[in-house]
Amino acid sequence: MSVLLEVRDLKKYFKTHRGLLHAVDGVSFSLDKGKTLGIVGESGCGKSTLGRVILHLLELTGGEILFDGQDITNVKGRELKEHRKIMQMIFQDPFSSINPRMTVSSIIGEPLKNYNACKDKREYDARVKSLMDTVGLAERVEQSYPHELDGGRRQRVGIARAIALNPKFLVCDEPVSALDVSIQAQILNLMQDLQKERGLTCIFITHNLSVVKHVSNDICVMYLGVLIEKSSTKELFAKQYHPYTQALLSAILQPKLNKTKNRIIIKGELTSPINVGPGCRFAPRCLYACDECRNTTPELKEISPNHFAACHFPRCE
Amino acid sequence: MHEKVLEIKKLVVRYDTDYEKVEAVNNISLEIAKKETMGLVGETGAGKTTTALAIMRLVPSPPGKVISGEIYFEGADLLKISEKEMRKIRGGKISMIFQDPMTALNPVLPVGEQIMEVIRLHDKGSKAEATKKTTKMLELVGINSERHNEYPHQFSGGMKQRVVIAIALACNPSLLIADEPTTALDVTIQAQVLGMMNSLKDEFDTSIILITHDLGVVAEVCDHVAIMYAGEIIETGTIKEIFENKKHPYTIGLFNSIPDLDTEEDRLQAISGLMPDPANLPKGCKFHPRCPKCTAECKHRVPQNTEVAPEHFVKCLLYKGTEAAK
Chain A
1 MSVLLEVRDL KKYFKTHRGL LHAVDGVSFS LDKGKTLGIV GESGCGKSTL GRVILHLLEL
61 TGGEILFDGQ DITNVKGREL KEHRKIMQMI FQDPFSSINP RMTVSSIIGE PLKNYNACKD
121 KREYDARVKS LMDTVGLAER VEQSYPHELD GGRRQRVGIA RAIALNPKFL VCDEPVSALD
181 VSIQAQILNL MQDLQKERGL TCIFITHNLS VVKHVSNDIC VMYLGVLIEK SSTKELFAKQ
241 YHPYTQALLS AILQPKLNKT KNRIIIKGEL TSPINVGPGC RFAPRCLYAC DECRNTTPEL
301 KEISPNHFAA CHFPRCE
Chain B
1001 MHEKVLEIKK LVVRYDTDYE KVEAVNNISL EIAKKETMGL VGETGAGKTT TALAIMRLVP
1061 SPPGKVISGE IYFEGADLLK ISEKEMRKIR GGKISMIFQD PMTALNPVLP VGEQIMEVIR
1121 LHDKGSKAEA TKKTTKMLEL VGINSERHNE YPHQFSGGMK QRVVIAIALA CNPSLLIADE
1181 PTTALDVTIQ AQVLGMMNSL KDEFDTSIIL ITHDLGVVAE VCDHVAIMYA GEIIETGTIK
1241 EIFENKKHPY TIGLFNSIPD LDTEEDRLQA ISGLMPDPAN LPKGCKFHPR CPKCTAECKH
1301 RVPQNTEVAP EHFVKCLLYK GTEAAK
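As they're listed, the protein sequences go chains A and B. If you read the first sequence in the working numbering, its first letter stands for residue 1, the second for the next number, and so on. If you read the second sequence in the working numbering, its first letter stands for residue 1001, the second for the next number, and so on.
So that you can see chain A by itself, here it is in the shape it has in the complex (with noise of 0.2 Å):
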């Protein structure tokens, strides 16, 4: 498998008035092509500025990203829109990520527009056709405004544009949490089924544990700006190394009865992300937290094969 997406040390800083804010603070990993990584952690965490940092949406603080080989950590103007084009987004919310002045077909039509992609007429409407037609969207809606759909059609059409131009690389973030359970499982059918038609290679950023077994290969783990654990979906949820993710995986919900084994209960609430010190992030509300957490920040380490864990003391159960 060749690698398509490659991060190395990535950080965003905000400046804010209380002092820096360390949205996402040297996040590393790599995709290969085909392949879907979940990124899962709690509001905060800064799983969404990693997702707009890797598309420039949000200029990045530090770092490098190389995308197929090439790096494009510094693609400015004219290379950047270029880049755009293989590289795409779908946004969480449907009502506030398309434009509620434009008709269905111009929202999906306008990533074809705006890069000339068309040559005539004739080509322009039958690529949009095609395109709703893909993602399920009667030719009857064509003509409608987004206030006229429900959640789920919306979503359709944030997916349509996002395909459009036949881009190699998604971004999605929290594509599904704003919808029905019904209509949910009709999108992840949808979004899995692209991504086996067109081959795509997808970051699904998201804070259900349940959806992201079910659609990534790959699992990080966010907590405050740092990765604090990488693996196998598989191998994720059969152990983990650090507390946050054993606490993390022990409070799902499952609607299953009798299923309320030992919950982990973590004390307390995300701490603040402004001007960390040193120490484990997770720290003040780790179970098993010493001195040594508090005094010294834990490395990201190998401790099975491709098993990743950021924790003085990992350890399984």
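Hints in this document: simulated from the structure, not taken from any laboratory. Check each hint, because a few of them may be wrong.
[Said to hold, decoys possible] A few chain B positions that, by computed beta-carbon distances, are all more than 10 Å from chain A:
(1) K1009
(2) K1021
(3) I1081
(4) K1240
[What the hints assert, rightly or not] One-sided and incomplete, this derived list gives chain A residues near chain B with beta-carbon spacing under 8 Å:
(5) Q184
(6) L188
(7) S210
(8) V211
[As the list claims (entries may be wrong)] In silico EDC-like links for lysine to aspartate or glutamate, alpha-carbon gap of 20 Å or less:
(9) A/K234 / B/D1260
(10) A/K113 / A/E82
(11) B/K1283 / B/E1023
(12) A/K256 / B/E1265
(13) B/K1084 / B/E1031
(14) B/K1004 / B/E1264
(15) A/K267 / B/E1117
(16) A/K239 / B/E1146
(17) A/K256 / B/E1117
(18) A/K234 / B/D1266
Using N, Cα and C, we set each Cβ at its ideal position, and we do this for glycine too.
Given the coordinates of chain A, assemble chain B onto it according to the supplied hints.
What follows is chain B alone, placed relative to chain A:
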């Protein structure tokens, strides 16, 4: 049998707009026993929240209107008593937790004062007693009572939801309506809040109606479940019956739509189609256009409630004539 706290009989709520009449809640009946937690499950637009608002008599009017039905609470029909009596019950004996803790609190009042407000309104005691109780409530939901002078924006989402719960429980209600109490929260915080609600329920002997779309939350806290679709309750039963012996094709579809953590599956079995437009509901069974087991009869005949097992009712023509022996 158990003592009933609330009984809803044939409730119909309609929203009248200039263009259309929408029956958001269509002829539902429901009973909640003492100390029981009833899960009201359904997707957006199923009528869950409207049902809750009807119990509280808070359906926005106009356009909403309770057309018919009875809601019995402690012997009285809530739909017939005066507004003055209702105000005594609301927030006192029946209280509600709203979905979004960010908007449910008043941003310009300290949280302590917001808890005190409800206590002063319903309890006769002095101000000093109310202050004492406020302190107790804050500690109970796991917030340091020294923070009572802080404003909502100084608290995180999970903490705000705890404040809302403290307000709801301040007057020892006999019925608590929780409308998606953990939907806006992160998973680890959700686990904290649900754990707390479970232990408080035992402490206060409160019955709970838990409105949610998350079957995982239901498995965690409920005793009984009612599944709603397009304004109707299509299946009710004990949690064991619904989870292990579900009958209605919609309920089955709902469970199948959720990715299973324990098994590997390639594709999810999604329910095809979309929720019907509430102003233009299909004839016969409301679920028939999306139902994999739809027959010709389903398209025109409205299914009646069938008892398939003790306390397990299904509204589906597949099960007519299969009543459990009485």
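Hint by hint, which ones does this structure get wrong, listed from lowest number up? The structure conflicts with hints 4, 13, 14, 15, 16, 17, although it agrees with all the remaining ones.
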